[in-house]
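J.: First to last, the protein sequences are chains U and S. Here our numbering is used: the first residue of the first sequence is 1235, the next is one more, and so on. Here our numbering is used: the first residue of the second sequence is 1235, the next is one more, and so on.
Rather than coming from a laboratory, the hints here were simulated on the basis of the structure. Small disclaimer: the values here were computed from a predicted structure and weren't measured. Virtual Cβ for every residue (Gly too), placed ideally from N, Cα, C. Fair warning: there could be bad hints in the mix.
To give an idea of the interface, some chain U residues facing chain S are shown, with a C-beta separation under 8 Å as derived from the structure [as the list claims (entries may be wrong)]:
#: 1; residue: 1271
#: 2; residue: 1324
#: 3; residue: 1341
#: 4; residue: 1353
#: 5; residue: 1402
Protein chains: 2
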Amino acid sequence: MNARDTTPPGNTDMSDPKRHYVRPLDVKHGRVDMGHGAGGRAAAQLIRDIFLAAFDNPYLRQGDDGALLPAPGPGRLVMATDAHVVSPLFFPGGDLGCLSVHGTINDVAMMGARPLYLSASFILEEGFALAELQRIVQSMARAAQEAGVPIVTGDTKVVEKGKGDGLFISTTGVGVVPDGVALSGAHARVGDAVLLSGTIGDHGVAVLSQRESLSFGTSVVSDTAALHTLVDALLRAAPGALRTLRDPTRGGLATTLNEIAQQSSVGIRLDEAQIPIAAQVEAACELLGLDPLYVANEGKLIAICAPEAADTLLATLRAHPLGARAARIGTVTQDAHHFVQMNTRFGGKRVVDWLSGEQLPRIC
Amino acid sequence: MNARDTTPPGNTDMSDPKRHYVRPLDVKHGRVDMGHGAGGRAAAQLIRDIFLAAFDNPYLRQGDDGALLPAPGPGRLVMATDAHVVSPLFFPGGDLGCLSVHGTINDVAMMGARPLYLSASFILEEGFALAELQRIVQSMARAAQEAGVPIVTGDTKVVEKGKGDGLFISTTGVGVVPDGVALSGAHARVGDAVLLSGTIGDHGVAVLSQRESLSFGTSVVSDTAALHTLVDALLRAAPGALRTLRDPTRGGLATTLNEIAQQSSVGIRLDEAQIPIAAQVEAACELLGLDPLYVANEGKLIAICAPEAADTLLATLRAHPLGARAARIGTVTQDAHHFVQMNTRFGGKRVVDWLSGEQLPRIC
């Protein structure tokens, strides 16, 4: 398309009523086309009618290339980012939209930071239904609003049909860490208690239950949730006693604990009988041949803390709606090999190793 | 894969030498597989050998879910994000990697901010050559290092073959705006001068020259570059006189000026004879039936400033290697319709309208 051809030289007639006519966006039946990503009038319309309409806030309304935000005040910054490629886009308990908000808020919160702002970038596949896009964007907006963390800037690109998969969303979060808070996967110490905020495997099983190739009946719903208020409660309950917070997403509890063991140069001993798991999740995992220890969660956290604070922090977790089924699941040990080991329910012991490759692709 | 099957209960033999054996990453011949995105050992290896090896810095080395960064000091924050889906991945003068760094640094800089940190999320297609990934990641690392803006945190996901297109990169930048600086597309005033830092259309033509369907011979190279030092020079040269900075990327000079005209509720009058364009770019655009005013740039900026500062700022631009061909290309006018109009080289006038749809898909 040559813009010169459509506006012949010398045409400065301001009275032509068709000049500024843009066909309204047909959200109900319309589909994403390449023009929606090209930065012209169609792109501006998509952004206004779908994205701005849902995310509306003063920062986005500035309409510049980036968002100008107030000085964050004292405290160190935290920055975290996640690409979200979950398939299918909708699953029991959530969808790509709220997941992309919760996932990044949680990464910021696990650093002990108060999440302040989110950015979002969207990679749309040509032909994707605008109605589905709107549903996902509205779910994102709701999640951001409920969490009190606005989406302040964004970007949208479109790729040809067959070069994407409906929609991918990358989100980045910025937060501020209060002075005195110092959490890291590298801070676990021998003797520390390992707490878990609730049942494992719900998210992974909920997503899998919707896969065309698997599709099985279950009432399991994803645990996708923003955990920053839970983190705030923990930080208030026992300041200084928390060493590590981590949300066991992709790769599940087992992978996350192995990461912490390696980062902190310690071992971890788990007590299988203490690890909360819903009966339905356990049944689904047996059916699918999955180990729930490796199945993704999107609304759970692992807290490693000084042993003397374990009871207080466990009570704090249980007093919060997102931590009702919290448990003390293990202890940090001395181990030159940095193994995660588990006392099984049947009185045995086993190593809970890293997975070498994939267990569940595109779970988040 | 069931991890329980591979580590039978009771196996706590620490002496097995194969336990921790991981086949080294074959960067030369290897390809991305689904396991590289699953959060297990293969993912950890990919991150260590490709991403950490290239981006190495103390923030990334923390190894947590996010990066813990120093307090940014006084000043307002800026946050900007971009998804990068350029096709092909390599083009004369650059590639997806350096583009994804430059693009986001520029968005931060156009707000008058000093860029401090970048995050990056990668969506890889199964089967993508690790050698190409490494080349792109190294180009990104080089661009970040040259700009002095570290990539402090990241995320990697893998999608099945046919559900992506090699590699997409989303980057987010955070910066700080010095007190007293207030730039926005909404700040242009009637009578202001419109400056442009150099020739238009280079990036778009360079990318197009590599498209399989078009492939034509040209020596045009992309102008992809980080513009923050140029912005810094402008801010020092005439503090207070700058109203708007904007990089005319997707949609080109015409689209960006239309956005500014609309945001500021003004008109803009361009002088075509003053708009710098390389002869080869002009020739390529004629051949392809493209209007160079709408072709993407990745290393140019538009500066709108008080007229009395125009000469000083133009000299400042020209004194910088990235602004050598800077020109004063127009004036902000009063116009209730917010039109961008142009005095053509042949003495006529024409409206430089918004594009309604796409001109060039996947140009950045």
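J.: Which numbered conditions among the earlier hints are violated in the structure presented, ordered from lowest to highest?
T.: Hint check: 2 fails alone, others pass.
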